[in-house]
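Asker: Protein chains in written order, with this note's numbering: chain A, 5 to 424; chain B, 747 to 1041; chain C, 282 to 609.
There could be a bad hint or two in this list.
To be verified - Only pairs whose alpha carbons sit at most 30 Å apart, straight line, appear in this in silico DSSO-like list of lysine-lysine:
#1 A:298 <-> A:222
#2 A:212 <-> A:133
#3 B:906 <-> A:75
#4 B:987 <-> A:29
#5 C:573 <-> A:133
#6 B:987 <-> A:56
#7 A:228 <-> A:244
#8 A:75 <-> C:573
#9 A:61 <-> B:987
#10 A:133 <-> A:110
#11 A:222 <-> C:347
#12 A:298 <-> A:219
#13 A:29 <-> B:906
#14 B:898 <-> A:110
#15 A:116 <-> A:29
#16 A:179 <-> A:243
#17 A:56 <-> A:110
I should point out that these hints are in silico values taken from the structure, not numbers from a laboratory.
The model shown is predicted, which means the values in this text are computed figures rather than measured ones.
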Amino acid sequence: MRKKILFIGLCLILVVATSVLAAPKVTITYTRWAGTQEARDFQALIDLFMEKNPNIKVETEFLPWDPYWNKLMTTIIGRTAPDVISFSHQMSAQYVSREALYDMTKLPGVSKLLDEMQEGTRAAVMVNKKIYGMPVGAGVRAVIYNKALFDQAGLAYPDNEDPMTWDEFLKIAEKLTIKDKNGKVIQYAANFHKREMWESLVVQAGGKFIDDYTKPTKILINNKEGIAGLQFLRTMVEKKAIPPWEDDWEGAFGSPDSAVATGKVAMMQAGPWSLGPLKDNNIKFGTCPLFMNKQRANRGYINFLAISRNSKNPQAAWKLIEWMCGDGQLDFTKTGDLPANKNYLAAAQKENPYGYPEEVMAAFFSELPYVITGPMVPTTELITLTENTVQDLTSLRISPSEAAARIEEMGDEIIANIEY
Amino acid sequence: MTDLRKQLEFDQSLSELGKSKKANWGRGCAHLFLTTYCILIIIPFVWLIVSSLKNMGQYYNTDLLNVWFPWPLHFENYPKALQTVPLFRYLWNSIWLATVQMILTVISSAFIAYGLSRFQFKGRDTIFIILIASMMLPVQVTQIPLFMFYSKIGFVNSFKPLIIPQFFGSAWYVFLIRQFMVGLPKDLDESAMIDGANTFTIFTRIILPQTKPALMVAGLFIFLYSWKDVWGPLIYLQSGKFYTLPLGLLFFTGPTRVEYTVELAAIVIALVPTVLLYFMGQKYLEKGISIADLK
Amino acid sequence: MEITERVESAGFPADSFKGVFLLAKGRSLLAKRNLMGWVYVSPWIIGFLCFQAFPIFYSFYISLHKWDMLRKPTFLGLSNYTSLVSDPRFLISLRNTFLFMLFSMGLGISLGIFIAALLAEKMKGTHIYRTLFYLPNLVVPVAFGMMMRPIFAGQDYGLVNIILSRLGVANFQWLDNPSTGIWVVIITNFWFIGACMIIFLAGIKSINRAYYEAAEIDGAGWFRRFFNITIPLLGPVIFFQTVSGLIYALQIFDIPISLANLGGSVHTTMGRNDSLASLIFYLYFLGFREWKMGHASAVGWVVFLIGLLFTFVIIWVLRRSWYSQDAN
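Kindly generate the complete structure, drawing on both the sequences and the hints.
Answerer: If you want it as structure tokens, here you go:
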């Protein structure tokens, strides 16, 4: 009898001991925008994290771009947002400026990790000296060109790390835009993202659009350099180097992300995400940096991770973020972005996890230091203004000086009325 | 004798009516009008099917011949569409959600419509007016407070917000069914009442069978509305395994991997069960209507 | 009153002792029975109080504030409403929506009844026609935008432009131009005529055949029968379609936003140059793109009030068709 009681007692102690000593399992949720292939890539990344951290379980949710932001808005408002949220700087200002995310400043290791990030990536995540996110990757655009069309025009391939000048571009564009006997264009030299490129051109000419990206006070575009940048954009349309505004998206010449895939456009400025369809369509392509003028600049995207205000496990969430932005950066790059963390840049370029040859990826890495993000303010009115004005400019309805003046006049008013 | 002759004359005149030139000419016009309208309706569908068999190069080609008659045809878009997203699971989710919503809403709405049409009580018309007024307020206005309410009571990430409200009827369908019920003659009700039937029996035995056409139409609409609904599932169904078909179709869009042609294939695939269901539902609708005729 | 008749026909004059007794019994039974009506209506009342009353009042409360849904609302009084009067985007949305209402309701309902009446006849092929007419209502909103593109695209491959170019008119940017955007919405709305048609079809099928047979004997032609029998007896259904057509048109949103999504992924305007603005599109835009939920709620309430106004007008004009005309 005594033996029985002892045995049962021992069992009980064992059970209690194991349940107390066993590491508590925490579950967190992670979300990002992704098409189906990207979803698989990111899931693999998360699985890797879970292997290294057996006491944290991560549930993932992937949605395509548009629904992702719609849903994110609803869940942040309803306070049911996932623990770890992925942001792109274009869509994040509205949340960061309203301090709708978890304040990470006090978490262990946050400031140190932020210092490891590239210079241009930090502005997106800080407000009032508080840290609301951690940069994880950079989406960079470079020029992707169709080798066969260059061959047909008798042109040499551009250098994959040294950019050409504006004039050089216009010269080769003349040979790459082909018209039929009626004067209608059947092949364009390039299809660029006019909605975003205009600012890069302004900076390349030595000017500036706005004085500060997160807390702007003045529009600076209305001067010689700014006008020169806008003029170049208009020149490209006038010389038919690029399609007019109406045809630049969903027209016969594809979109700025898919133009070369149509076979009717020689160059586009896109990221590694656009290379897949080219492979599928058997198009031999090369990459090179965007042209330059007085300096280089190109519009890119900073992606970062944040924790939701309603998260019940911010520490576990931070663990995932810390890894992805730190030790896990090389694994992260397998998903297509360039690493945000300075310490891993060289390694990423060398190891090249992207699936494309090194000489192809060289252009993207070459462009990385010159990435500009554009304003990150909580209102969409500024973008609407610039889009409408650039549309008028490239539809040849207004001149560059008129465009610059309009942006300055109305932009200053918008900036003055921003509520943070 | 005269009755028989009258009968004969009457029959003759009827058949003459049918054979008259005027009637045939009118029939021809009707067909012409209907066919023209239908052709206009079909054109986008032709484009849909034809384009789902293109590859992206052909999709961007805007020569007229190529837009409507591409060659070669790329049938592989279809298996690609099925591989990209678990279409069948989403299909299943859509079907059962739509069925549940349909059954619940039709029953509850008919129930309520009965109360609004066959009874005279103080406040009935007021309630009817409030019902109609409640349809006036745009749903987008109440969305956010409703969402916050649901998240406070923990209904989010489940089918509950999509199902529980259906127990309480839906204003539009109550309105529709009520209008039909109001047109029904009262004699059968009354004789049943005299025979001592209670209100529920009258509801099930007499009123419901007569409103079959309205119920069928309501059921059809609810099913299809649920089928097409994206917003509800998007915000209330968090996990991928719950996704419905329109949600799944969104997976082909985005700034990366823009494969419109595969998306079109997925849309066609999603359309097939809907059309089949509609076709079958139509036959059922016919049957239901003819039973009502028999009375 | 039926009770009196029944009592009398059973042989009990209304003023006799038994008669009065039976009358009273009948009346109280009827009253009790009528109370049952409340039971049947109760589910809707409960549902309304739980799921609609609170959001409705809350949304009005919010419309008096400035609220970005993340931080505390600030009280504004009625300025959200008064600012609408001079708001150009609101005025465009208003104009577009009214235009849409005018054409979609008037033409839409008439066409719907007409087509339904045609298809109610025993003709060859009604089955096929009916399916085809309803087919567009089965497509997902995402698909709708894509399917309309080859027709209304601004470049030369748009069908409309092709037809126009044969007639010598230049390419036109249908979707991008603020004065024509809404016409695309109006025209494409007729693609969906099937929904309206099916309801009328069900209504027509519910009409007793006897009326038509009697009219045929009297020698009435198709149009006579259509105008003298079909339309009057469809009274309640017409009333229904008018009211729901009004609501649908006033709140039109799916079509403009699907068409607007055709260009670019981030939409910062309601279609290029706000060409596709509608009242509810503007509401959505204010609330979910500019985080101005207070302003959006105000627009919503304006829509609500406009709807109420129109509905009361319709109720008064069509008051005779609340209840159908039986017999006669």
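Asker: Now tell me, hint by hint, if it's right for this structure.
Answerer: Quick rundown of the hints versus the structure:
Between residue 298 of chain A and residue 222 of chain A, the direct Cα distance comes to roughly 23 Å. Compliance with the 30 Å bound is thereby established for this hinted pair. For the suggested pair residue 212 of chain A and residue 133 of chain A, the alpha carbons sit about 25 Å apart, so the restraint of at most 30 Å is met. About 18 Å separates the Cα atoms of residue 906 of chain B and residue 75 of chain A, which keeps this hinted pair within 30 Å; it holds. Among the hinted pairs, residue 987 of chain B with residue 29 of chain A is consistent with the structure: their alpha-carbon atoms are about 23 Å apart, no more than 30 Å.
For the proposed pair residue 573 of chain C and residue 133 of chain A, the alpha carbon gap of about 26 Å is at most 30 Å, so the pair holds. Proximity of residue 987 of chain B to residue 56 of chain A is assessed by CA-CA distance (about 26 Å); at most 30 Å being required, the pair is judged to hold. A distance of roughly 24 Å separates the Cα atoms of residue 228 of chain A and residue 244 of chain A; the hinted pair therefore holds under the 30 Å criterion. Our distance criterion of 30 Å between C-alpha atoms is met by residue 75 of chain A and residue 573 of chain C, whose separation comes to about 17 Å.
About 18 Å separates the Cα atoms of residue 61 of chain A and residue 987 of chain B, which keeps this hinted pair within 30 Å; it holds. For the hint linking residue 133 of chain A to residue 110 of chain A, the alpha-carbon distance of about 12 Å falls within 30 Å, and the restraint holds. About 26 Å separates the Cα atoms of residue 222 of chain A and residue 347 of chain C, which keeps this hinted pair within 30 Å; it holds. Taking the CA atoms of residue 298 of chain A and residue 219 of chain A, the gap is near 26 Å; set against the 30 Å cutoff, the hint holds.
Simply put, residue 29 of chain A and residue 906 of chain B have alpha-carbon atoms about 28 Å apart, close enough for the 30 Å limit, and the pair holds. Between the alpha carbons of residue 898 of chain B and residue 110 of chain A the distance comes to roughly 29 Å, so the proposed pair stays at or under 30 Å and holds. Pair hint residue 116 of chain A plus residue 29 of chain A holds up; C-alpha atoms about 27 Å apart against a cutoff of 30 Å. At roughly 11 Å between alpha-carbon atoms, residue 179 of chain A and residue 243 of chain A fall within 30 Å of each other, so this suggested pair holds.
Our distance criterion of 30 Å between C-alpha atoms is met by residue 56 of chain A and residue 110 of chain A, whose separation comes to about 24 Å.
The structure meets every hint from the earlier list without exception.
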